[in-house]
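S.K.: One-letter residues, chain by chain:
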Amino acid sequence: MSEVACVSGVDLLMDYLEGVLPAETRAAVDEHVASCPKCVAFLASYRETPRILRDATLVRLPPDLQTVLAAAVRAELGR
Amino acid sequence: MGTLEGMTAPAVDSTADEALAARASAGDAHAFETLMRRYQDRVYRLACRLTSDTDAPDILQETFLQAYRHLVSFRGDAKFATWLYRIATNASLMARRSRARRPSEPLDGFLPRFDADGRHAGTPAELQITCRAEELIDRGTLAARAREGIARLPDAYRDAFVLRDLEEMPTAVVADVLGIDPAAVRQRVHRARLMLRGYLNDLASGGR
Chain A
1 MSEVACVSGV DLLMDYLEGV LPAETRAAVD EHVASCPKCV AFLASYRETP RILRDATLVR
61 LPPDLQTVLA AAVRAELGR
Chain B
1 MGTLEGMTAP AVDSTADEAL AARASAGDAH AFETLMRRYQ DRVYRLACRL TSDTDAPDIL
61 QETFLQAYRH LVSFRGDAKF ATWLYRIATN ASLMARRSRA RRPSEPLDGF LPRFDADGRH
121 AGTPAELQIT CRAEELIDRG TLAARAREGI ARLPDAYRDA FVLRDLEEMP TAVVADVLGI
181 DPAAVRQRVH RARLMLRGYL NDLASGGR
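As you go down the protein sequences, you meet chains A and B in turn. If you count the first sequence from 1, position 42 lands on 42 in the numbering used here, and the numbers rise without skipping. If you count the second sequence from 1, position 204 lands on 204 in the numbering used here, and the numbers rise without skipping.
Honestly, the hints are just simulated from the structure, not real lab data. Take these hints with a grain of salt, some might be off.
Not everything, but these chain A residues come out facing chain B in the computed CB check (under 8 Å) [to be verified]:
1. Tyr16
2. Val29
3. Asp30
4. Val33
5. Ala56
6. Leu65
7. Val73
Coverage of chain B stretches by chain A, computed from C-beta distances (three or more under 8 Å per stretch; other residues unrestricted) [claimed, not checked]:
8. 31 to 40
9. 78 to 90
10. 108 to 122
11. 129 to 138
12. 147 to 160
13. 172 to 179
On a predicted model such as this, the values are computed, not experimentally measured, just so you know. Backbone N, C-alpha and C fix where the C-beta goes; we use that ideal spot for every residue, glycine too.
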């Protein structure tokens, strides 16, 4: 793989970050990103997206639902 | 069964999940309660992410009841957490199927755009504004829009994204839970990330 453009590099990002790209392809992506500020910016936002959404959707089980769950399971265990 | 009453202040128990599951399977109710306390938050969160906070309470209950009824089928050759997540995921998918899906606007419009030379459209600052979403969008709005964006994903992408990226399960385990190849997991997660990256980028830029 001799050259990577932004458009073809985007398609490889998941495999790139998971470390499953062939060495030659990975090197071609590295080479492109090293000289492309747009891909550096895009890659940063691609990597950060899951973390932002993970933090934004963190919820804890409300205490009233804990009570309901405990009662339901208690009934099942008591059978 | 009095130990269930104190669930809001669980005692620390470092016994391995698999050992507790074996004891619970042999009739030790306390062992099952310990497992439930350990996982109830995570199962609830998973159900909220895969469905909605309306469906999550029923899914939570269904998951633990199913787990208890099928403990004898837990062999211990997989991790208990993976086994439980599989039950919770299946319960979530069943709940979702039972509801007529409301039409929602697809996220395809948020996929990355390129110029005629195949270069990213937009400046580096514009492309990276997603990273500033927490700084530019207030916390409550971001939480609501995050849930909305995830719900707008195609179901197959949503399942893979939630398990892999939000619950941080290894790709191989997600593949096992969803019954698809690891390569398909990566492809679905990738598409979801591209759509959600663009969606967050739009929100952070003051768009929809």
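S.K.: Take the stretch 172 to 179 of chain B, compare each residue's beta carbon with every beta carbon of chain A, and decide whether three or more fall closer than 8 Å.
M.R.: violated (count 0)
S.K.: Under 8 Å is the threshold here; is the Cβ of Val73 of chain A close enough to any Cβ of chain B for the hint to stand?
M.R.: Holds: closest Cβ of chain B sits about 6 Å from Val73 of chain A, inside 8 Å.
S.K.: Holds or violated: is the Cβ of Val29 of chain A closer than 8 Å to a Cβ in chain B?
M.R.: With Cβ-Cβ at 14 Å, over 8 Å, it is violated.
S.K.: Grab the minimum C-beta distance from Asp30 of chain A to chain B and call the hint holds if it beats 8 Å, violated otherwise.
M.R.: For Asp30 of chain A, the interface hint is violated, since the closest Cβ of chain B sits about 17 Å away, which is over 8 Å.
S.K.: If you take the shortest Cβ to Cβ gap from Tyr16 of chain A to chain B, is it below 8 Å?
M.R.: violated, 10 Å
S.K.: Do three or more residues from the stretch 129 to 138 of chain B put their C-beta atoms closer than 8 Å to C-beta atoms of chain A?
M.R.: n = 5 at 8 Å, threshold three: holds.
S.K.: Count the residues of the stretch 78 to 90 of chain B whose Cβ falls closer than 8 Å to any Cβ of chain A, and tell me whether that reaches three.
M.R.: violated (count 0)
S.K.: Taking the closest Cβ pair, is Ala56 of chain A under 8 Å from chain B?
M.R.: Given a least distance of 4 Å, the restraint on Ala56 of chain A holds.
S.K.: In terms of beta carbon proximity below 8 Å, does the stretch 31 to 40 of chain B have 3 or more residues touching chain A?
M.R.: Held - the stretch 31 to 40 of chain B has 4 residues with a Cβ nearer than 8 Å to chain A, which meets the minimum of three.
S.K.: Within the assertion that chain A covers the stretch 147 to 160 of chain B, do at least three residues meet a Cβ-to-Cβ distance smaller than 8 Å?
M.R.: Holds: 3 residues of the stretch 147 to 160 of chain B have a Cβ under 8 Å from chain A.
S.K.: Counting residues of the stretch 108 to 122 of chain B with a beta carbon closer than 8 Å to any beta carbon of chain A, are there 3 or more?
M.R.: The restraint on the stretch 108 to 122 of chain B holds, since 7 of its residues have a Cβ under 8 Å from chain A and three suffice.
S.K.: Would the stated hint for Leu65 of chain A survive a check requiring a Cβ distance to chain B of less than 8 Å?
M.R.: It holds, given that the least Cβ distance between Leu65 of chain A and chain B is near 5 Å, below 8 Å.
Hints 1, 2, 3, 4, 9, 13 from the earlier list are contradicted by this structure; the remaining hints agree with it.
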